[in-house]
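**Student:** Sequence:
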Amino acid sequence: MKKRMCNGFIALGVIIFVVGLVFSAGSGYAIWRSYESIGIYTFTSTGEVMVKEERERTGRRTSKVVNRHYAVFASADGQYRNEEKISLSLKNGITRGGKYNLEREVFVDRTGDYKVTPPQSSDTHDKRVRTNFMVAGLISLFGGVMVFVAWRIRRQHILNSM
1 MKKRMCNGFI ALGVIIFVVG LVFSAGSGYA IWRSYESIGI YTFTSTGEVM
51 VKEERERTGR RTSKVVNRHY AVFASADGQY RNEEKISLSL KNGITRGGKY
101 NLEREVFVDR TGDYKVTPPQ SSDTHDKRVR TNFMVAGLIS LFGGVMVFVA
151 WRIRRQHILN SM
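At position 66 of the sequence shown (counting the first as 1) the number is 66 in the working numbering, and the numbers step up by one without a gap.
It should be emphasised that the hints constitute simulated quantities derived from the structure, not laboratory data. Possibly wrong hints are sitting among the right ones.
[Unchecked claim] Simulated crosslink set (DSS-like; lysine-lysine; CA at most 30 Å straight-line):
hint, residue 1, residue 2
1, K127, K91
2, K64, K115
3, K85, K64
4, K127, K99
5, K52, K115
6, K52, K91
7, K85, K127
8, K64, K52
9, K52, K99
10, K52, K2
11, K64, K91
12, K127, K115
13, K85, K99
14, K99, K115
[As the list claims (entries may be wrong)] Label-pair distances were calculated between CB atoms; the ranges are:
hint, residue 1, residue 2, range
15, V22, N101, 53 to 59 Å
16, E36, S161, 29 to 35 Å
17, V14, I158, 16 to 22 Å
18, N92, K64, 52 to 58 Å
19, I153, A25, 41 to 47 Å
20, S63, L138, 40 to 46 Å
21, L138, I158, 28 to 34 Å
22, V22, P119, 32 to 38 Å
23, V66, G137, 40 to 46 Å
24, V18, V108, 30 to 36 Å
25, K85, I38, 47 to 53 Å
26, E56, R4, 54 to 60 Å
Each residue gets a CB set at the ideal place from its N, CA and C atoms; glycine is no exception.
Between the sequences and the hints, there should be enough to build the whole structure, so can you do that?
**Tutor:** What follows is the structure in structure tokens.
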């Protein structure tokens, strides 16, 4: 194998190694920042109802603006709040003073931010992020091995030519 060809493989291996490191750094940060479930809470309507304009697709290139009703729900201790899309009949009930309850799971990250989702068995986002981290690590490992092997072949070629 020629010296110039080995240099090309070394350069390609370094590029693959750096790309793998960049992707694994992003995935690593997402794992560090991952949300952990703190349990299922009962959220009660607070009586606040609002109308938001949303764009709804009516075709491939066309869309229209529609008004959607949202209600604010809060946990019993008032620490967690969530806006939920509601139907017109539920909106009428809440504006008349009715109280409605929802079961929601609360996830909290290391910085104290939270997200509220319908109850689920596990956080699938966390699994996907861990898989991405493993794949990026393997890409980085492949690039590192490629650089090492090409460097060894180049070194052997140089020693044999002396």
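**Student:** Each hint: holds or not?
**Tutor:** Hint-by-hint comparison with the structure:
no.	hint	result
1	K127 to K91	36 Å, violated
2	K64 to K115	29 Å, holds
3	K85 to K64	18 Å, holds
4	K127 to K99	36 Å, violated
5	K52 to K115	20 Å, holds
6	K52 to K91	13 Å, holds
7	K85 to K127	28 Å, holds
8	K64 to K52	13 Å, holds
9	K52 to K99	21 Å, holds
10	K52 to K2	66 Å, violated
11	K64 to K91	22 Å, holds
12	K127 to K115	17 Å, holds
13	K85 to K99	16 Å, holds
14	K99 to K115	22 Å, holds
15	V22 to N101: 53 to 59 Å	46 Å, violated
16	E36 to S161: 29 to 35 Å	59 Å, violated
17	V14 to I158: 16 to 22 Å	19 Å, holds
18	N92 to K64: 52 to 58 Å	24 Å, violated
19	I153 to A25: 41 to 47 Å	30 Å, violated
20	S63 to L138: 40 to 46 Å	41 Å, holds
21	L138 to I158: 28 to 34 Å	30 Å, holds
22	V22 to P119: 32 to 38 Å	36 Å, holds
23	V66 to G137: 40 to 46 Å	45 Å, holds
24	V18 to V108: 30 to 36 Å	34 Å, holds
25	K85 to I38: 47 to 53 Å	24 Å, violated
26	E56 to R4: 54 to 60 Å	59 Å, holds
Hints 1, 4, 10, 15, 16, 18, 19, 25, counting from the list given before, are not met by this structure.
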